[in-house]
Amino acid sequence: MSSFFHDCFIVFRRQIRMNLRNPAWVLIGILQPVLYLLLFGPLLKPIVSSFPGAADNEFTFLVPGLLVQLGMFGAFFAGFGLIAEWREGVVEAERVTPASRTALLVGRLMRDLVQLLVQALILIGLGLVMGMRGSVGGITFGVALTLLVGGACAAASNAVALTTKSEDVMAPLINMVMMPVLLLSGILLPMTLGPSWLQRISDFMPFRWIVDAVRGSFAGDFAGNSLLWGTAWALALFSAAVWWGTATFRKENA
Amino acid sequence: MITARGLVQTFHTKVGREKREVRAVDGVDLDVAEGEVVGFLGPNGAGKTTTLRMLTTLLRPDAGTATVAGYDVVKESEQVRRSIGYVSQAGGVFSSARAGEEVMDHGMLYGLSKRQVETRGHELFDQLQLDGLWERMPKNMSGGQKRRLDIAMGLIHDPTLVFLDEPTTGLDPQARANLWDHIARLRSERGATVFLTTHYLDEADALSDRIVIIDQGRIVASDTSDNLKAQVSGDLVTLEVGAAHVAVAAEKLASVAESVETSGSHVSGRVARAGRVVPGLLREIEHAGVTLESIEVHRPTLDDVFLTLTGRSLRDAESEKPGEPDAADPAATAAASEGVTA
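Here the protein sequences line up with chains Y and H, keeping their order. Take the first sequence: its letters are residues 1 to 254, numbered as in the UniProt record's numbering. Take the second sequence: its letters are residues 1 to 342, numbered as in the UniProt record's numbering.
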């Protein structure tokens with residue numbers, strides 16, 4: 001078991017070293033939610049008080065959603081790096097060592113989570129400066145949920161990358177998944193604004209529950225149903241995706 | 001060092017709507033002794049890489065068994081991995097990471113300590129003429145340097161058995177010759193057993209004690225280069241004479257050669273042990289009053305051997321089936337194109 005953590009650490013350190021050499025990508029990744037915060041936040045100002053279960057201001061409403069968005073979409077692109085590595089024989093070279101196959105994935109997930117944590121802290125810091133409110137405990141729990149979502153998406157992205165081995169297949173695939181997720185999760189506007197048929201559809205979107213949970217957690221609403229559902233979904237997605245990712249790394253033909 | 005019996009690997013591909021089964025490796029038996037350098041020769045898509053991937057535990061055989069360095073490739077894959085070094089066609093060093101760090105990280109995945117891999121890595125860089133390149137990124141290296149770096153990475157844990165997949169594909173002639181020296185030293189200086197695949201005849205000829213030829217997933221020959229060439233009946237002798245003397249020259253050549261052919265002013269035929277026969281032949285021809293313009297004697301090449309064994313030349317075999325699913329194909333092309341641009 002200690003060799004498992006050792007292997008994870010070697011893989012993680014190699015990945016993070018390459019990221020640090022090119023920190024521009026971490027900043028480009030955070031740019032999108034920051035733009036939403038700065039350019040979309042003000043649009044919510046006059047209407048946020050009319051949202052059901054109203055948040056006290058537009059940033060308390062928006063930041064949790066943007067966090068989940070960051071966790072999902074940032075991590076979805078993790079697989080592109082893996083395809084580049086696979087093409088240069090790195091994955092095969094790692095698989096011919098006695099290192100644990102799970103460690104090859106987990107080491108990479110650790111990099112994605114560290115990166116996500118840095119981005120999340122930047123986003124929260126900026127939110128606080130702009131007027132977002134939230135308890136330390138609530139924000140911490142919200143970030144933990146975000147990391148679970150990010151881990152799930154990164155693991156899934158790695159699994160898809162090793163299965164398709166082609167950026168040309170992966171890019172449209174991610175787009176296809178991203179659009180309905182974005183529209184049905186209530187990241188930018190609460191789903192409760194919509195007609196009941198749209199709300200029923202969004203009930204089937206796990207990420208909506210997670211967004212609600214992170215929002216509830218930031219607002220200090222730990223009693224609500226949504227927190228329970230969101231946490232359950234985040235844990236379920238994370239476990240399923242890690243299992244899937246490991247299975248792909250184990251598969252002989254990867 | 002390697003014993004394989006009846007290895008089979010089947011790929012499923014779709015041609016249009018029709019599903020097709022391709023037996024990339026179709027019952028391969030192999031025996032490689034300790035300290036041997038074996039060249040695994042065959043056209044593209046013959047099953048070389050697929051066989052190699054089964055022997056290096058990257059691909060589970062659909063049928064058959066293999067023991068590598070004393071361990072079963074399926075049941076004891078971890079011990080196999082500890083004992084072997086594998087340099088794939090694509091290499092395995094990321095192009096925008098630092099060379100030394102990549103080699104060290106790779107060694108540490110074998111459980112070696114940081115100090116061990118650092119010392120050993122620098123030793124290997126010296127031995128493989130990579131001194132001064134520790135901090136360099138592979139994308140800024142020449143094709144030959146990059147390939148030597150791949151080999152350094154494969155040797156970081158000091159394996160006793162080394163697999164090299166198409167080690168010189170895409171390199172210019174000088175870089176190839178240089179790499180051959182280094183490959184030859186794997187045995188002469190470290191006593192390693194080397195199993196290398198290639199589709200270059202001269203490479204197999206220059207490096208290996210023994211050549212195993214694979215075609216369409218099956219082993220068609222396994223012997224020393226000389227013995228394989230001896231199976232081709234004789235050396236090719238070509239005489240160039242004036243047009244008036246072609247018939248006489250052909251008659252004289254036919255007295256010592258098989259399958260004599262004429263084309264224009266050239267007469268050629270296969271002569272067993274040409275070195276001993278030709279002096280006499282020349283006297284005969286002179287005696288008959290024929291003026292010889294030129295004479296050429298060619299020892300049989302492995303291409304001739306391949307032709308004798310399969311009825312096709314290696315080149316024909318290559319152009320026959322370009323799209324064969326040799327599992328690491330994209331990697332292969334990536335490596336090849338890199339070699340060209342570097």
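Worth flagging that the hints you see were computed from the coordinates, not collected in a lab. Among these hints, one or two may not hold up.
Claimed, not checked - Not the full set, but computed from the structure, chain H residues with beta-carbon under 8 angstroms of chain Y:
id, residue
1, 72
2, 76
3, 91
4, 106
5, 153
6, 295
7, 296
8, 300
To be verified - The calculated DSSO-like cross-link candidates involving lysine-lysine, where the alpha carbons are at most 27 angstroms apart (straight line), are:
id, chain 1, residue 1, chain 2, residue 2
9, Y, 165, H, 14
10, Y, 251, H, 75
11, Y, 45, H, 75
12, H, 114, H, 139
13, Y, 165, Y, 45
14, Y, 251, H, 229
15, Y, 165, H, 114
16, H, 114, Y, 45
Idealized CB from N, CA, C, for every residue including glycine.
For each hint, the structure was consulted:
This hint is violated: residue 72 (chain H) has a C-beta 15 angstroms from the nearest C-beta of chain Y, more than the 8 angstroms allowed. The restraint placing residue 76 (chain H) at the interface with chain Y is violated, with a minimum CB-CB distance near 11 angstroms, outside the 8 angstroms limit. Checking residue 91 (chain H) against chain Y by beta carbon gives a least distance of about 5 angstroms; that is within 8 angstroms, so the hint holds. With a least beta-carbon distance of about 7 angstroms to chain Y, the hint placing residue 106 (chain H) at the interface is held under the 8 angstroms criterion.
Checking residue 153 (chain H) against chain Y: minimum C-beta separation of about 7 angstroms stays under 8 angstroms; hint holds. A distance limit of 8 angstroms between C-beta atoms decides the matter here; for residue 295 (chain H) the minimum to chain Y is near 48 angstroms, and the interface restraint is violated. Hint on residue 296 (chain H) is violated. Least Cβ distance to chain Y is approximately 43 angstroms, over the 8 angstroms limit. Taking 8 angstroms as the C-beta cut-off, the interface hint given for residue 300 (chain H) is violated, the closest approach to chain Y being about 36 angstroms.
As the CA atoms of residue 165 (chain Y) and residue 14 (chain H) are separated by approximately 17 angstroms, the hinted pair is consistent with the 27 angstroms bound. The straight-line distance between the Cα atoms of residue 251 (chain Y) and residue 75 (chain H) is roughly 15 angstroms, inside the 27 angstroms bound, and the hint therefore holds. Straight-line distance between C-alpha atoms of residue 45 (chain Y) and residue 75 (chain H) comes to about 64 angstroms, which puts the hinted pair past the 27 angstroms bound. Of the pairs offered as hints, the one joining residue 114 (chain H) and residue 139 (chain H) holds, with about 25 angstroms between alpha carbons and a cut-off of 27 angstroms not exceeded.
A C-alpha spacing of about 44 angstroms is found between residue 165 (chain Y) and residue 45 (chain Y), which places the hinted pair above 27 angstroms, so the restraint is violated. Using a Cα cut-off of 27 angstroms, the hinted pair residue 251 (chain Y) and residue 229 (chain H) is violated, with the two alpha carbons roughly 42 angstroms apart. Pair hint residue 165 (chain Y) plus residue 114 (chain H) does not hold up; C-alpha atoms about 32 angstroms apart against a cutoff of 27 angstroms. At roughly 55 angstroms between alpha-carbon atoms, residue 114 (chain H) and residue 45 (chain Y) are farther apart than 27 angstroms, so this suggested pair is violated.
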